[in-house]
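Asks: Residues per chain are reported as follows:
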Amino acid sequence: MSAELTDLTAKAAIDAIAAGDLDAAELFGAYRAAAAADELNAYTWVAEDTPDLGVAADAPLRGVPLAVKDLFCTRGVPSQAGSRILEGYRPPYDATVVAQLAAAGTSLLGKTNQDEFAMGSSNENSGYGPVKNPWDHTRVPGGSSGGSAAAVAAGLAPWALGTDTGGSIRQPAALCGIVGLKPTYGSVSRYGMIAFASSLDQAGPFARTVTDTALLYAHMHGRDERDATSVGRPDEIALPTGERLDGIRLGVPDTLTGEGVEPGVMAAFAAALETARSLGATVEQVALPHADHGLSAYYILAPAEASSNLARFDGVRYGARSEAGDLLSMYTETRHDFFGDEVKRRILIGTYALSSGFYDAYYASAQKVRTLIARDFDAAFAGVDLIVTPTSPGVAFPLGAKTEDPLSMYLNDAFTIPISLAGIPAISLPCGLSEGLPVGLQLAGPAFSENRILEAAHALERAFAFENTPSRIGGGAAA
Amino acid sequence: MSPVSDYEIVIGLEIHVQLKTRTKMFCGCELTFGEPPNTRVCEVCLALPGSLPVPNAEAIHLGVMIGHALGCEIAPRMKFDRKQYFYPDSPKGYQISQFDEPLCAGGGIGGVRIERVHLEEDAAKTIHAGASGRIHGSASSVVDFNRGGTPLAEIVTEPDIHSAEQAGEFLRLLRTTLRVLGVSDVNMEEGSLRCDANISIRPHGQTELGTKTELKNMNSFRYIEKGITAEVARQAALLDAGERVVQETLHFDPRTEALTSMRSKEEANDYRYFPEPDLVPVPVTAAMIERARAAMPELPAARAARFEEDLELHPDTAKLLAWRSELGDWFEEALAASPDGVSAATAGPLANWTTNELLKRLEGETDPGGSKVTPAALAQLVALVGAKSVTAAGGRQVLEVLIAEGGDPAAIVEAQGLGAVGGEDTLAPVVQEALAANPDIAERLRGGDMKPMGVIIGHVMKATKGRADGGEVTKLVRSQLGL
Numbered sequence: 001m002s003a004e005l006t007d008l009t010a011k012a013a014i015d016a017i018a019a020g021d022l023d024a025a026e027l028f029g030a031y032r033a034a035a036a037a038d039e040l041n042a043y044t045w046v047a048e049d050t051p052d053l054g055v056a057a058d059a060p061l062r063g064v065p066l067a068v069k070d071l072f073c074t075r076g077v078p079s080q081a082g083s084r085i086l087e088g089y090r091p092p093y094d095a096t097v098v099a100q101l102a103a104a105g106t107s108l109l110g111k112t113n114q115d116e117f118a119m120g121s122s123n124e125n126s127g128y129g130p131v132k133n134p135w136d137h138t139r140v141p142g143g144s145s146g147g148s149a150a151a152v153a154a155g156l157a158p159w160a161l162g163t164d165t166g167g168s169i170r171q172p173a174a175l176c177g178i179v180g181l182k183p184t185y186g187s188v189s190r191y192g193m194i195a196f197a198s199s200l201d202q203a204g205p206f207a208r209t210v211t212d213t214a215l216l217y218a219h220m221h222g223r224d225e226r227d228a229t230s231v232g233r234p235d236e237i238a239l240p241t242g243e244r245l246d247g248i249r250l251g252v253p254d255t256l257t258g259e260g261v262e263p264g265v266m267a268a269f270a271a272a273l274e275t276a277r278s279l280g281a282t283v284e285q286v287a288l289p290h291a292d293h294g295l296s297a298y299y300i301l302a303p304a305e306a307s308s309n310l311a312r313f314d315g316v317r318y319g320a321r322s323e324a325g326d327l328l329s330m331y332t333e334t335r336h337d338f339f340g341d342e343v344k345r346r347i348l349i350g351t352y353a354l355s356s357g358f359y360d361a362y363y364a365s366a367q368k369v370r371t372l373i374a375r376d377f378d379a380a381f382a383g384v385d386l387i388v389t390p391t392s393p394g395v396a397f398p399l400g401a402k403t404e405d406p407l408s409m410y411l412n413d414a415f416t417i418p419i420s421l422a423g424i425p426a427i428s429l430p431c432g433l434s435e436g437l438p439v440g441l442q443l444a445g446p447a448f449s450e451n452r453i454l455e456a457a458h459a460l461e462r463a464f465a466f467e468n469t470p471s472r473i474g475g476g477a478a479a
Numbered sequence: 001m002s003p004v005s006d007y008e009i010v011i012g013l014e015i016h017v018q019l020k021t022r023t024k025m026f027c028g029c030e031l032t033f034g035e036p037p038n039t040r041v042c043e044v045c046l047a048l049p050g051s052l053p054v055p056n057a058e059a060i061h062l063g064v065m066i067g068h069a070l071g072c073e074i075a076p077r078m079k080f081d082r083k084q085y086f087y088p089d090s091p092k093g094y095q096i097s098q099f100d101e102p103l104c105a106g107g108g109i110g111g112v113r114i115e116r117v118h119l120e121e122d123a124a125k126t127i128h129a130g131a132s133g134r135i136h137g138s139a140s141s142v143v144d145f146n147r148g149g150t151p152l153a154e155i156v157t158e159p160d161i162h163s164a165e166q167a168g169e170f171l172r173l174l175r176t177t178l179r180v181l182g183v184s185d186v187n188m189e190e191g192s193l194r195c196d197a198n199i200s201i202r203p204h205g206q207t208e209l210g211t212k213t214e215l216k217n218m219n220s221f222r223y224i225e226k227g228i229t230a231e232v233a234r235q236a237a238l239l240d241a242g243e244r245v246v247q248e249t250l251h252f253d254p255r256t257e258a259l260t261s262m263r264s265k266e267e268a269n270d271y272r273y274f275p276e277p278d279l280v281p282v283p284v285t286a287a288m289i290e291r292a293r294a295a296m297p298e299l300p301a302a303r304a305a306r307f308e309e310d311l312e313l314h315p316d317t318a319k320l321l322a323w324r325s326e327l328g329d330w331f332e333e334a335l336a337a338s339p340d341g342v343s344a345a346t347a348g349p350l351a352n353w354t355t356n357e358l359l360k361r362l363e364g365e366t367d368p369g370g371s372k373v374t375p376a377a378l379a380q381l382v383a384l385v386g387a388k389s390v391t392a393a394g395g396r397q398v399l400e401v402l403i404a405e406g407g408d409p410a411a412i413v414e415a416q417g418l419g420a421v422g423g424e425d426t427l428a429p430v431v432q433e434a435l436a437a438n439p440d441i442a443e444r445l446r447g448g449d450m451k452p453m454g455v456i457i458g459h460v461m462k463a464t465k466g467r468a469d470g471g472e473v474t475k476l477v478r479s480q481l482g483l
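In order, the protein sequence lines correspond to chains A and B. Just so you know, this note's numbering puts 167 at position 167 of the first sequence, and the rest follows in order with no gaps. Just so you know, this note's numbering puts 100 at position 100 of the second sequence, and the rest follows in order with no gaps.
Wrong hints could be hidden among the right ones.
To be verified - Not everything, but these chain A residues come out facing chain B in the computed CB check (under 10 Å):
id: 1; residue: C73
id: 2; residue: P92
id: 3; residue: G186
id: 4; residue: M193
id: 5; residue: S199
id: 6; residue: A304
id: 7; residue: N309
Claimed, not checked - Label pairs and their computed distance ranges (CB to CB):
id: 8; chain 1: A; residue 1: S322; chain 2: B; residue 2: F33; range: 34 to 42 Å
id: 9; chain 1: B; residue 1: E257; chain 2: A; residue 2: A364; range: 40 to 48 Å
id: 10; chain 1: A; residue 1: S322; chain 2: B; residue 2: G28; range: 30 to 38 Å
Simulated from the structure, these hints should not be mistaken for laboratory data. Owing to the predicted nature of the structure, the values given are computational and were not obtained by experimental measurement. All C-beta atoms, glycine included, are put in the ideal place defined by N, C-alpha and C.
Hey, can you work out the whole structure from these sequences and the hints?
Replies: Right, here's the structure in full:
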């Protein structure tokens, strides 16, 4: 019974609750039990009780549980951003997105594990331990939103919130065989999201279906007067109904030759393109001449902003503090003791990049590259409707396989980062298996083209018929 | 040791002005002064994780007004940058400021060019327990975030100031201008106006500037002038001794008048400025510029010009009245109440009585508004003197009474019998009596030696208790002696 409940899509659960066939409290209870028994370390906090769901009876999302990435501020509930420096920190306010989704009727089920301050592609940088991939418990779920992706894939949550700075929604969605949407920068409020890189961070939904993804996103986006970078577009999100891709022009970057991509992933990608053609799409090559420099530019810009955003964790007002004899020692020891290695690495890189005398060579140059990449995409979208790539060059890799080699870890995001730099929306949906593990297909569109992306993803999802029902997948099936 | 005058003094000022908005620069917390610590705070001004800034449109409006008042060019957009440093008064670890695109650039006031005016947020207030009152050597420190996030305009001058006195004069004009604009309380004691001075000296004729030091956070005009004087003397002594001035930041203690080093150039921060990614640049529209222009009141410089041209006041008097806005306001109120109407003829004596007679008697007060003398009372008194109903000396006696007790000048003249003794009928006999009492003086006067006239006037004044007019006495002496 429980497995049946947690296999339901959110949309199906909402409809069942509306029809009186399902009790919201029962649904929450089933998920709460599953989350509490989490063997993946996907959660850092799970709601203790089933909340009073009466008030949400006429809300559009009707009491459906929601897992929330740890870095979203949740009033009175631990919000630690995967870092020991915020251990036990309970904010006095809710992130705008959290408040919006609560108003729409969702109930906070738990907070999900993540790479510390969203810095990572495997969830191994968490201060609270790595997360296991539900398809194979010896492998990573991807990151940084690894806990959210693993929870949704394993049926520990019907859907979840993540954030994506350079791929942190799309890559774990791909590695866990679910759907993840990174919206256009500015379409979702960042207020209350503990910042990694302000000009790149964007909240987005994880779900097992494109419809659920659209449904959650429909209640997340919108202008927030407390976030000066939020824009209030796109206006309205429709639930996707597309079954065909007639007339849709898909572009494949001409630099995508298969080099650096696992053969199984290339094969699944090629098959996905075949499927798209069979639905009426045309496929052509597009030039993104500067995209290859995206990774380098990203690893200047994101650490630069992070070095600044993380300065507030100084032990003075909240979070952990190392007692020391004087102010400077208190600062340095607190940050030494409670930041993880990857966070320290990026703070150092970012601080260096912004230093007097190096700014022009690094930060200013990287911003120029960013502008050129955005123009590349603008030019490409003059000729195609959507750009498609594999989401990640490989499937989920074994825990510990890349922790000693930051550069190979960074390469995980080679296909997602240029899109982040351009600020445009992209979705990852599962398109097949390689070595028994999910492969994600990334669809990117022009700014505010979320509806177009969701429609196309919906049509492809039907055709792929990828099996990701929690009780039938890898680790889930074995459990 | 050679005197300080061997050197040319070069000073540039950085002035921080707290803007009088309702709320803070980047959040909705209300601005206050003197509230219990940490009661005007929120997640934004405490820099809690996840919070984001939203710029205060009113602060930008006030910034544009300052730009207009100082004759600056207004930037086409409002762009913010992060200035990064670690200190407990900076909860984010950076201050949101403006780096390469200040809101206002260029311009000048009172003969001093303005380099730039930019907007930023104020730091919180740290209080250090222990004898020193500073962080070094303190047992513990506490932070009050009420002030943190208050909108600030930083006004930076070109190095156009060449003496401590000029610095003081410039600051007084600037303060009055800002007060008249209504953009700030400009209260140095409460910290709504703060000033740092960059000071260097060089031998006269040398073209390159000397090494500068920065004098931080002086909180009164007097201390600024004293601090600059002390620092100039220190630098001159170093150069005289063949030593070099070291670039450093100094603290001036007004009690001991000692200068202590806060940090040297080697310890200087690398602020790692970069564009604030949480704030997109906001266009400064023509409508915003026009709205600020429409809100501009008459500024001190314009007021001084009006006093000079329309009221024919002496330039020094015009400046004195216009650069102290409350004094100027008081004077204009008195002028409006003048029984003889508003004209250059009434304004001149009234200005003279206001600036010379009244201010001189107020013991350092610059605003007569706090005294018992109403503007209308002074205007009536000046009119009585003008009509020769009271002599100048008698008028001064009335003024003393007004300062001590207030009241109506005519009634005081009446009650104290201070009315002028004038005209042939009343004054002539007194003059006659004075000449009779001093026959030798009368003889000398008759002989054409006018020097001892004062003796006769003195006699008459004594007899009339100062109520006679000296000019009239002289006239009567001449006529009675047939001169």
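Asks: For each hint, tell me whether it holds in the structure or not.
Replies: Hints versus structure:
1. Because the smallest distance between the Cβ of C73 (chain A) and any Cβ of chain B comes to about 4 Å, under 10 Å, the interface hint for this residue holds.
2. Using the Cβ-Cβ criterion of 10 Å, the hint placing P92 (chain A) at the interface with chain B is satisfied: the shortest such distance is roughly 7 Å.
3. Proximity of G186 (chain A) to chain B holds as hinted, the smallest CB-CB distance being about 9 Å (cut-off 10 Å).
4. Hint status for M193 (chain A): holds, given a least beta-carbon distance of 6 Å to chain B, under 10 Å.
5. Because the closest C-beta pair between S199 (chain A) and chain B is about 4 Å apart, less than 10 Å, the hint holds.
6. Annotation: A304 (chain A) was flagged as interfacial toward chain B, and the flag holds, the nearest CB pair being 6 Å apart, inside 10 Å.
7. Restraint check, N309 (chain A) versus chain B: the minimum CB separation of about 9 Å is within 10 Å; hint holds.
8. Separated by about 35 Å at the C-beta atoms, S322 (chain A) and F33 (chain B) satisfy the suggested range of 34 to 42 Å.
9. Taken as a hint, the range 40 to 48 Å holds for the pair E257 (chain B) and A364 (chain A), whose Cβ atoms sit roughly 46 Å apart.
10. Our hint of 30 to 38 Å for S322 (chain A) and G28 (chain B) holds, since their Cβ atoms are close to 34 Å apart.
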